[in-house]
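Based on the sequences and whatever the hints tell you, model everything.
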Amino acid sequence: MAIWNSFRTCILSVMLLACGPFLSGASEPPSAAAIAPPAAAAPPDDGQWTMPAKNYASTRFSDLTEINEGNVKNLQVAFTFSTGVNKGQEAAPLVVGNIMYIVTPFPNIVYALDLSRPGAPMKWKYEPNPEPAAQGVACCDVVNRGAAFADGRIFFNTLDGHTIALDANTGKPIWNTHIGNINIGETITMAPLVVKGKVLVGNSGGEMGVRGWVKALDAEDGHVVWTAYGTGPDKDVLIGPDFKPHYDMDKGKDLGVTTWPPEAWKIGGGNMWGWISYDPDLNLIFHGTGNPGPWNPDLRPGDNKWTSGIFARDPDTGAAKWFYQWSPHDLHDYDGINEQILLDMTWQGKPRKVLVRPERNGYLYILDRTTGEVLSATAYGPVNSSKGVDLKTGRLIANPDKRTGTGKVVRDICPTASGLKDWQPSAFSPKTGLLYIPHNNLCMDEEGVEVNYIAGTPYVGMNVRMIPGPGGNRGAFTAWDVAAAKPAWVLKENFPVWSGTVVTAGDVVFYGTMEGWFKAVSARTGDLLWQFKTSSGIIGQPITYRGPDGHQYVAILSGVGGWAGAIVSGDLDPRDATAALGFVNAMKDLKNATTAGGTLYVFRLP
Amino acid sequence: MRQALAMLLPLTLVLVACQREERDTRPQSALGSGEQPTPVTALEPGGQRPSASDNKAASFEANAFHLSEGKRLFGWFNCSGCHANGGGGMGPALMDEKWLYGSSIESIHATIRDGRPNGMPSFRQKIPDDQIWELAAFVRALSGNAPSSAAPQRNDDMMVHPSENRLPDAATLGKSP
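Chains as they are written, first to last, in the numbering used here: chain B, 4 to 609; chain L, 297 to 473.
Hint data in this document are derived by calculation from the structure and do not stem from the laboratory. Don't take every hint at face value.
With beta-carbon atoms standing in for the labels, derived distance ranges [claimed, not checked]:
1) B:Asn132 with L:Ser445: 43 to 51 Å
2) B:Arg414 with L:Gly342: 32 to 40 Å
3) L:Arg420 with B:Thr396: 47 to 55 Å
4) B:Thr83 with L:Pro341: 48 to 56 Å
5) B:Val412 with L:Arg420: 29 to 37 Å
Below, computed lysine to any residue pairings styled on SDA-like, alpha-carbon distance capped at 20 Å [what the hints assert, rightly or not]:
6) L:Lys422 with B:Lys495
7) B:Lys594 with L:Asp392
8) B:Lys495 with B:Gly475
9) B:Lys594 with L:Lys422
Even glycine gets a Cβ: it sits at the ideal position worked out from N, Cα and C.
In structure tokens:
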């Protein structure tokens, strides 16, 4: 007990109050007005929702105000729709004109619902019939994170590695490009982003020894315009004369080869299965890279470039402009693929174009997005796997006590492999200056083991078992004051908050819990204003839009799953602490709290 | 002489008492060659439930050596990557009482050799047939379907669940019906 207590205090001292007593809601953050997304990346709201992140700046902020702090308590169900697929529903619905589009998890059915008619009947559906075998090589449930709309077309990815363009009006396929190979363990789960007539897509498979890439497909006919790999020689990574990384650790020739044992980069991960942002003024896209493989770090000495980092690239050619590595020689599966919110703000008296990243390794980074320089990196929850970021060298300072390796059991590593925050995207309100971060609060024990590379099977080499983090609440919803670099308020949740979030000009924030509650809280204070219990746990991305009747609606897909909910969607056995790469151990009771599902809920005021 | 006999007696007793389990240390090397037809369904119109029995099964099923080899191979061939240590992940749990494709050692052998449609790879080209039998026997041990005298008794690694020889029969979880 005494040991546990001293361990707790030690953790608490590292965690920067994030789970401490609630801080009272700051009514008017002083410098909030100074922080806003660049106008070109976040145009005025037209009431539609055409990409999962709402806009290229990825703010997930809506200007709509009909639903606000005062009346949100009256929200009612407008209509529901069963997706017919009981797996983890991570997708954001899209709304374009009078039509809502949703993509299901495998088998990746796309539905178009006609919002102009009572009950929103189905206008069309498209079934791509992906290969069933793809289900076996998807690391963490068979999820899909949504579609994207541009120029009259819906673009989406299938688990078995196809990118497909549909006529948004009729649902007829226009092109279908096969870019992923399930026989080497490659799948696609991310939502594409369409930039300047190119559909940007990346692969999943960091747990299968798959070499990561991002491809740009021509939106017109689907041909591959460029491919940028996450490992390997500079020419494969599209590193050329334009490449100017800020830190010395990222400078040098062919680091994607030389920072690995011979040939290991070929099966080294660095996949891009998360979020991409785009700055039209700088003509740069920003995307992360996933964890290096295998997880056991002893099998890959070196910095393992270009994994667990972030690239800025020219969207036309893919050429890399800069790179920064969040977790060099990653020790704990800290993929670097989370969302990046593009903001303009005053930093130490000077206006800066920044990129805000709540990263899996537990730090909230503010980077100068023109250069990749780290302006600040602050832990936003309990972190003991590292001791901060050296702002001179840019390097994460790993904690040697938490270093994993072959044949060694290391206990109480925080955060877990799933990170302080995984893929679940946050939202930023320029009205409050707060970033709303749905996240986890978990720690883990890890043991490195030998592993053989067999193409198409997992390449992990780590036994993991996760446990609740300090305080016992496995999830949290943190409102982060970007200017002050500290939390404004924190809501504790029993289960990891694996859903995305949306914030509105009506000062309401929506998110879901894995028990199935869909919640509206005050954007200023975090006070719970309204909640509705859906049929299954929520891990989806809420959106809000103006319907054909001129009124504001809020939509969310309910249906538990994903890595955190795999125990339910995959019916896993909680008696094995390592099930679902160790996540099941922290989620033993989820089967008693919810069941699998797949239902769209849409709400409006009466 | 008498003395020598007296000394020999306990020795012979000991030797007789630990009758050695038979080990085939030179397993059949052919890759996934077993060609026995294993029904993939429990349905046959109007007929009996189809069943399979392979005469190889018995020599693997309750054999401690083969079970421990199966445990080693389960990690070696990355079964554990998809099924964890029986609790499941990318693939289903193997330590519970639910079987998609049958719980008999023959069915499990067929699953490993030929694969299954929703993502179980076929290991026919990777694993020698006898080792597939060893794996199949070990998979059964995960749900408590191997005699506890033969099932593996310890983990070399982090304790993730009780060792296989203490795992209850998943169908009853150790309770009498």
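Unmet hints by their number, sorted upward, for this structure: Those not satisfied are hints 2, 4, 6 and 9.
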